[in-house]
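Chain by chain, the residues:
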Amino acid sequence: MTAAQYFYGEIGADKLTVNDAEIRARLQVKGDYREVMTDKCLINLQSVIRCAYSAVKVPVVFSESSVNLGFGEIMSRNLAERLKGCDEAFVFAVTLGYGVDRLLSRLAVTSVSEHFVTDAFASALAEAACDYTEKILAEGLSCGRRFSPGYGDLPLFYQARVLAAVRADKTLGITLSDTLLMSPKKSVTAILGILK
Amino acid sequence: MNDIRKVIKSKRLYFDGGYGTVFQERGLAAGVAPEMWNLNAPDKVVALHKEYIAAGSNIITTNTFGVNAFKYDDCGKMIRKAVELAKKAAEGRKDVWIAFDMGPTGKMLKPFGDLGFEEAVSVFSANVKAAERCGVDLVIIETMNDCYETKAALLAVKENSSLPVFVTNAYGRDGKLMTGADPVAMISMLESMGADAIGMNCSFGPDAMLDLADDFINYSSVPVIVNPNAGLPRVENGKTVYDISPDEFSEYMARLAEKCVHILGGCCGTTPEYIEKTVQRTKGIPYRYPKKKNFTFVSSYTHAVSLEQRPVLIGERINPTGKPLLKEAVINGNTDYILNEAIRQTEKGVHILDVNVGVPCTNEAETLKNTIYAIQAVVDTPLQIDTSDIAALGGAMRMYNGKPLVNSVNGEDESMNAVFPLIKKYGGAVIALTMDKKGIPATAKERVRIAEKIIARAAEFGIEKKDIIADPLCLTVSADSGSAEVTLEAVKLLKKRGIKTSLGVSNISFGLPARDKINAVFFSLALDSGLDCAIMNPFSEKMTDVYYAYRALHGQDRTCSDYVAYASASVSVPSRRVEGTASVSGAITEVTLKEAVIKGLKDIAAARADEALSQKDPLEIIDGEIIPALNEVGEGFEKKKLYLPQLLMSAEAAVAAFEKIKKAMPAGGTDSKRCIILATVKGDIHDIGKNIVKVLLESHGFKVYDLGKDVAPEKVLNKVRETGCMIVGLSALMTTTVASMEDTIKLLRAECPAVTVIAGGAVMNDEYAAEIDADAYCADAMETVRFVQNFYES
Chain A
1 MTAAQYFYGE
11 IGADKLTVND
21 AEIRARLQVK
31 GDYREVMTDK
41 CLINLQSVIR
51 CAYSAVKVPV
61 VFSESSVNLG
71 FGEIMSRNLA
81 ERLKGCDEAF
91 VFAVTLGYGV
101 DRLLSRLAVT
111 SVSEHFVTDA
121 FASALAEAAC
131 DYTEKILAEG
141 LSCGRRFSPG
151 YGDLPLFYQA
161 RVLAAVRADK
171 TLGITLSDTL
181 LMSPKKSVTA
191 ILGILK
Chain B
1 MNDIRKVIKS
11 KRLYFDGGYG
21 TVFQERGLAA
31 GVAPEMWNLN
41 APDKVVALHK
51 EYIAAGSNII
61 TTNTFGVNAF
71 KYDDCGKMIR
81 KAVELAKKAA
91 EGRKDVWIAF
101 DMGPTGKMLK
111 PFGDLGFEEA
121 VSVFSANVKA
131 AERCGVDLVI
141 IETMNDCYET
151 KAALLAVKEN
161 SSLPVFVTNA
171 YGRDGKLMTG
181 ADPVAMISML
191 ESMGADAIGM
201 NCSFGPDAML
211 DLADDFINYS
221 SVPVIVNPNA
231 GLPRVENGKT
241 VYDISPDEFS
251 EYMARLAEKC
261 VHILGGCCGT
271 TPEYIEKTVQ
281 RTKGIPYRYP
291 KKKNFTFVSS
301 YTHAVSLEQR
311 PVLIGERINP
321 TGKPLLKEAV
331 INGNTDYILN
341 EAIRQTEKGV
351 HILDVNVGVP
361 CTNEAETLKN
371 TIYAIQAVVD
381 TPLQIDTSDI
391 AALGGAMRMY
401 NGKPLVNSVN
411 GEDESMNAVF
421 PLIKKYGGAV
431 IALTMDKKGI
441 PATAKERVRI
451 AEKIIARAAE
461 FGIEKKDIIA
471 DPLCLTVSAD
481 SGSAEVTLEA
491 VKLLKKRGIK
501 TSLGVSNISF
511 GLPARDKINA
521 VFFSLALDSG
531 LDCAIMNPFS
541 EKMTDVYYAY
551 RALHGQDRTC
561 SDYVAYASAS
571 VSVPSRRVEG
581 TASVSGAITE
591 VTLKEAVIKG
601 LKDIAAARAD
611 EALSQKDPLE
621 IIDGEIIPAL
631 NEVGEGFEKK
641 KLYLPQLLMS
651 AEAAVAAFEK
661 IKKAMPAGGT
671 DSKRCIILAT
681 VKGDIHDIGK
691 NIVKVLLESH
701 GFKVYDLGKD
711 VAPEKVLNKV
721 RETGCMIVGL
731 SALMTTTVAS
741 MEDTIKLLRA
751 ECPAVTVIAG
761 GAVMNDEYAA
771 EIDADAYCAD
781 AMETVRFVQN
791 FYES
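Here the protein sequences line up with chains A and B, keeping their order. Our numbering puts the first residue of the first sequence at 1, with every later residue one more than the last. Our numbering puts the first residue of the second sequence at 1, with every later residue one more than the last.
There's no promise every hint is true.
Using 30 Å as the maximum straight-line C-alpha spacing, the simulated DSSO-like pairs for lysine-lysine come out as follows [as the list claims (entries may be wrong)]:
{"id": "1", "chain 1": "B", "residue 1": "K77", "chain 2": "B", "residue 2": "K158"}
{"id": "2", "chain 1": "A", "residue 1": "K185", "chain 2": "B", "residue 2": "K110"}
{"id": "3", "chain 1": "A", "residue 1": "K40", "chain 2": "B", "residue 2": "K110"}
{"id": "4", "chain 1": "B", "residue 1": "K594", "chain 2": "A", "residue 2": "K30"}
{"id": "5", "chain 1": "A", "residue 1": "K40", "chain 2": "B", "residue 2": "K594"}
{"id": "6", "chain 1": "A", "residue 1": "K40", "chain 2": "B", "residue 2": "K239"}
{"id": "7", "chain 1": "A", "residue 1": "K135", "chain 2": "B", "residue 2": "K239"}
{"id": "8", "chain 1": "A", "residue 1": "K40", "chain 2": "B", "residue 2": "K602"}
{"id": "9", "chain 1": "B", "residue 1": "K715", "chain 2": "A", "residue 2": "K185"}
{"id": "10", "chain 1": "A", "residue 1": "K30", "chain 2": "B", "residue 2": "K602"}
{"id": "11", "chain 1": "A", "residue 1": "K30", "chain 2": "B", "residue 2": "K641"}
{"id": "12", "chain 1": "B", "residue 1": "K239", "chain 2": "A", "residue 2": "K84"}
{"id": "13", "chain 1": "B", "residue 1": "K599", "chain 2": "A", "residue 2": "K40"}
{"id": "14", "chain 1": "A", "residue 1": "K185", "chain 2": "B", "residue 2": "K369"}
{"id": "15", "chain 1": "A", "residue 1": "K30", "chain 2": "B", "residue 2": "K599"}
{"id": "16", "chain 1": "A", "residue 1": "K40", "chain 2": "B", "residue 2": "K641"}
{"id": "17", "chain 1": "A", "residue 1": "K40", "chain 2": "B", "residue 2": "K87"}
{"id": "18", "chain 1": "B", "residue 1": "K77", "chain 2": "A", "residue 2": "K185"}
{"id": "19", "chain 1": "A", "residue 1": "K185", "chain 2": "B", "residue 2": "K602"}
{"id": "20", "chain 1": "B", "residue 1": "K239", "chain 2": "A", "residue 2": "K196"}
{"id": "21", "chain 1": "A", "residue 1": "K30", "chain 2": "B", "residue 2": "K639"}
{"id": "22", "chain 1": "B", "residue 1": "K719", "chain 2": "A", "residue 2": "K185"}
{"id": "23", "chain 1": "A", "residue 1": "K30", "chain 2": "B", "residue 2": "K715"}
{"id": "24", "chain 1": "B", "residue 1": "K239", "chain 2": "A", "residue 2": "K15"}
Hints are computed from structural coordinates only; laboratory data are not their basis.
Make a model of the complete structure from these sequences and hints.
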């Protein structure tokens with residue numbers, strides 16, 4: 001048996017850039033979204049981000065209707081399709097940290113507009129962090145498109161196993177509520193197939 | 001077996017190294033918990049314990065890191081087995097202690113997660129009881145990355161056993177725990193609660209821990225533990241290796257030993273070889289037990305406030321005495337009002353916030369806990385718990401996240417006997433009022449004598465002098481012209497005796513007009529006499545002027561940078577007059593109230609409303625300016641000419657204007673008949689949508705009873721009964737919590753069938769809403785406003 005391969009890294013807030021189209025959609029804005037207030041929100045947000053990822057490289061074993069990534073059978077046709085042709089995959093989690101949660105709970109009291117805008121930026125930056133992690137892990141490899149619990153027919157309850165596999169509680173402080181919500185709120189998990 | 005607390009006084013001790021990572025090397029599959037080997041491969045567990053003992057470890061940890069009631073049904077059995085294996089390995093060794101290993105539960109405590117503090121305490125308590133029954137020698141609480149969970153675990157050990165307890169936390173590269181605490185914050189809290197040794201483990205290699213170790217050495221009065229990883233994991237030829245070799249590791253550990261770290265060991269990636277090399281390399285390095293440190297600290301879950309570096313400001317505004325709005329907020333459970341007071345005071349630079357919610361005929365114990373919980377969710381300023389109700393004090397200290405400041409104890413036996421056991425158990429510093437049964441002594445010397453009596457009594461409870469802050473009390477000069485001088489004299493005498501001091505500065509002017517004028521001068525004199533803390537009003541510019549100027553003039557603000565920052569901020573922040581804003585943007589002063597609302601200029605809208613009140617009737621302002629502005633913005637949004645962020649800013653500006661106008665209205669403002677109850681349903685913590693709906697409804701003049709997030713169905717029902725409000729808005733963001741919404745509606749239908757329920761949230765639509773029996777679905781906040789307007793008009 002080979003030992004699991006773990007990866008951990010930190011990502012500076014300056015490495016995360018907001019995708020314009022995404023932030024427009026989140027803010028429900030069509031044209032230019034930048035103004036004094038949104039700029040202030042983004043700067044404040046960036047100052048509290050503490051972004052890190054944790055990943056594990058796992059073998060992919062297919063059976064008739066499920067996939068096994070070394071932490072039990074996963075019943076999901078969509079995931080199986082996404083991992084088609086892969087012998088190995090990365091399972092990873094990435095988070096913006098608890099500072100963002102604290103900022104958001106404070107804004108929930110002081111300003112609903114800043115809360116809304118900051119939350120939208122934070123969600124967009126969490127996606128950006130996911131893209132960045134993927135870029136680091138996939139360097140020199142050819143990878144498929146990432147897939148996450150909660151997408152398609154992959155139920156959210158697999159989140160617990162995914163987080164355990166990447167030791168997210170220890171490395172990133174990510175925990176799961178009884179209703180399967182992650183803390184810190186702006187955290188993402190994903191499975192990324194490695195094509196040969 | 002010798003008590004480890006005695007042995008550590010004279011010699012360095014060694015923990016063992018990693019278990020999980022070594023087990024993985026030896027065949028434990030990824031994703032399988034190391035504690036499973038207690039049952040499936042006990043020989044391998046015993047073998048590793050033995051290898052560590054042979055390498056020189058004096059303390060071996062039971063293989064129980066992940067054992068807790070959230071993960072296993074029979075923790076007692078797993079703990080028994082693990083202790084049995086450790087004992088077997090240590091058989092016949094009088095110099096090896098068995099530490100019951102307690103790691104994090106894997107759940108985050110509220111408010112960031114969903115685990116209640118008491119629930120966490122009880123999960124840890126069950127484990128501690130089981131471990132003590134099995135005969136372990138001590139408990140090690142380790143790899144905790146959250147201050148609050150650490151407190152829960154330590155409290156569980158203290159409450160349920162008499163075992164020695166060591167605590168190590170996992171700090172990140174920025175020197176903080178995941179939830180933000182730095183070493184000094186943790187040292188303050190843990191030491192005050194009675195941890196026997198403290199330190200750090202996991203996270204990184206010993207190299208990264210060198211700098212952080214200085215904080216422990218400089219501030220901790222108890223032995224310091226460092227159990228690092230073998231560096232960072234890296235993949236080499238398809239295998240995970242750690243980047244610091246056993247030799248390098250032992251070199252770093254030697255530097256830590258030279259810095260005077262008292263207990264050394266390893267965590268992830270370390271093996272018996274790492275420990276052996278460390279023991280060999282460090283055994284000749286001289287050993288010194290830590291000296292007692294005399295620093296007074298109060299802490300929150302992120303940082304500690306020191307009373308050594310500069311006078312400390314304690315914000316006095318969260319106190320209902322003489323503040324009718326705050327009193328009303330306490331009675332009505334209007335947490336938002338209190339939170340805004342908390343946030344505004346911290347923005348004014350206070351270091352500690354006083355929290356007093358004592359209002360007659362209310363449940364103070366409950367209110368105090370809820371208020372502290374709510375404040376700690378949004379502000380990381382340490383708190384001063386201010387109550388004369390001992391039950392309320394105990395409850396609040398227990399759930400407080402950090403080392404609190406307690407207000408107060410006095411020289412009466414009854415007071416000391418009630419307060420000191422709480423300080424001893426939960427940790428804390430306390431304000432000691434220099435008065436006793438006979439009242440407040442007339443002379444400074446007598447007040448100092450009482451302070452000394454209190455300190456002596458505290459010592460009997462095991463509480464140190466550094467944690468007693470004497471308040472020699474100031475009485476108003478309007479009643480006794482010599483009172484200020486007596487108080488100042490007492491401050492000076494206390495200072496000479498090395499006793500920390502605090503004053504409720506504003507009391508000096510009670511009964512006099514323009515109190516600020518007297519307060520500021522008295523504050524300046526008190527600072528000059530050596531005052532350490534002032535309980536004061538941070539919104540008084542005269543007081544803050546004195547504070548920053550005093551520090552600049554007394555060499556406490558070396559480059560005057562604090563003063564410069566303070567002075568420039570007080571110029572640009574718009575205070576009472578709108579002209580203040582003009583310095584930022586000249587054109588803005590010309591805007592009308594209506595324009596201010598349309599443009600979403602909160603401060604200006606409030607100021608304009610204030611001005612308008614001197615000329616117009618409140619209703620005229622609402623109907624003539626605010627409502628037309630909101631209509632314009634609302635229509636713009638509905639026609640997609642304006643965006644949601646702009647709509648929200650306008651709503652906030654309107655609410656700010658309303659706040660001013662409300663004060664001028666005879667009935668206290670909003671018509672409470674035009675009301676609505678809002679809640680995000682149980683299990684769901686998404687509240688942005690609900691808050692957006694709330695601010696828009698408020699901006700249109702509706703009274704909103706906001707129950708917050710994660711609200712149980714019964715709570716909604718109770719509010720309906722209590723207020724008689726016949727319309728309820730429920731929000732859910734996730735498919736998993738729509739079931740809670742359905743439960744809430746069912747309960748309302750059964751108990752109050754006449755109530756109208758609006759459903760909202762990202763997963764909702766008309767069909768879904770109908771399916772769960774809601775009366776209506778509103779797609780966005782404006783639609784909700786229109787619906788509620790129609791509801792009350794028809």
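These are the hints, each one checked on the structure:
Restraint check for B:K77 and B:K158: satisfied, since their Cα atoms lie roughly 22 Å apart, inside the 30 Å limit. Between A:K185 and B:K110, the direct Cα distance comes to roughly 13 Å. Compliance with the 30 Å bound is thereby established for this hinted pair. For a cut-off of 30 Å, the pair hint linking A:K40 to B:K110 stands: about 28 Å separates their Cα positions. Using a Cα cut-off of 30 Å, the hinted pair B:K594 and A:K30 holds, with the two alpha carbons roughly 26 Å apart.
Of the supplied pair hints, the one linking A:K40 and B:K594 holds, its CA atoms being roughly 25 Å apart against a limit of 30 Å. With a C-alpha separation of about 45 Å, the suggested pairing of A:K40 with B:K239 is violated against the 30 Å cut-off. Annotation: proposed proximity of A:K135 to B:K239 holds, straight-line Cα distance about 21 Å (limit 30 Å). The straight-line distance between the Cα atoms of A:K40 and B:K602 is roughly 15 Å, inside the 30 Å bound, and the hint therefore holds.
Straight-line distance between C-alpha atoms of B:K715 and A:K185 comes to about 25 Å, which keeps the hinted pair within the 30 Å bound. For the hint pairing A:K30 with B:K602, the CA-to-CA distance comes to about 24 Å; that is within 30 Å, so the pair holds. A threshold of 30 Å between alpha carbons decides the hint, and for A:K30 with B:K641 the separation of about 10 Å falls inside it, so the pair holds. This hinted pair checks out: B:K239 and A:K84 have alpha carbons roughly 25 Å apart, not beyond 30 Å.
With a C-alpha separation of about 17 Å, the suggested pairing of B:K599 with A:K40 holds against the 30 Å cut-off. Taken as a hint, the A:K185 and B:K369 pair is honoured in the structure, with Cα atoms around 25 Å apart against an allowance of 30 Å. For the suggested pair A:K30 and B:K599, the alpha carbons sit about 19 Å apart, so the restraint of at most 30 Å is met. A threshold of 30 Å between alpha carbons decides the hint, and for A:K40 with B:K641 the separation of about 23 Å falls inside it, so the pair holds.
With a C-alpha separation of about 59 Å, the suggested pairing of A:K40 with B:K87 is violated against the 30 Å cut-off. Restraint check: the Cα-Cα separation between B:K77 and A:K185 comes to about 35 Å, which exceeds 30 Å; the hinted pair is violated. About 29 Å separates the Cα atoms of A:K185 and B:K602, which keeps this hinted pair within 30 Å; it holds. Restraint check for B:K239 and A:K196: satisfied, since their Cα atoms lie roughly 19 Å apart, inside the 30 Å limit.
Our distance criterion of 30 Å between C-alpha atoms is met by A:K30 and B:K639, whose separation comes to about 13 Å. About 29 Å separates the Cα atoms of B:K719 and A:K185, which keeps this hinted pair within 30 Å; it holds. Our distance criterion of 30 Å between C-alpha atoms is broken by A:K30 and B:K715, whose separation comes to about 40 Å. With a C-alpha separation of about 29 Å, the suggested pairing of B:K239 with A:K15 holds against the 30 Å cut-off.
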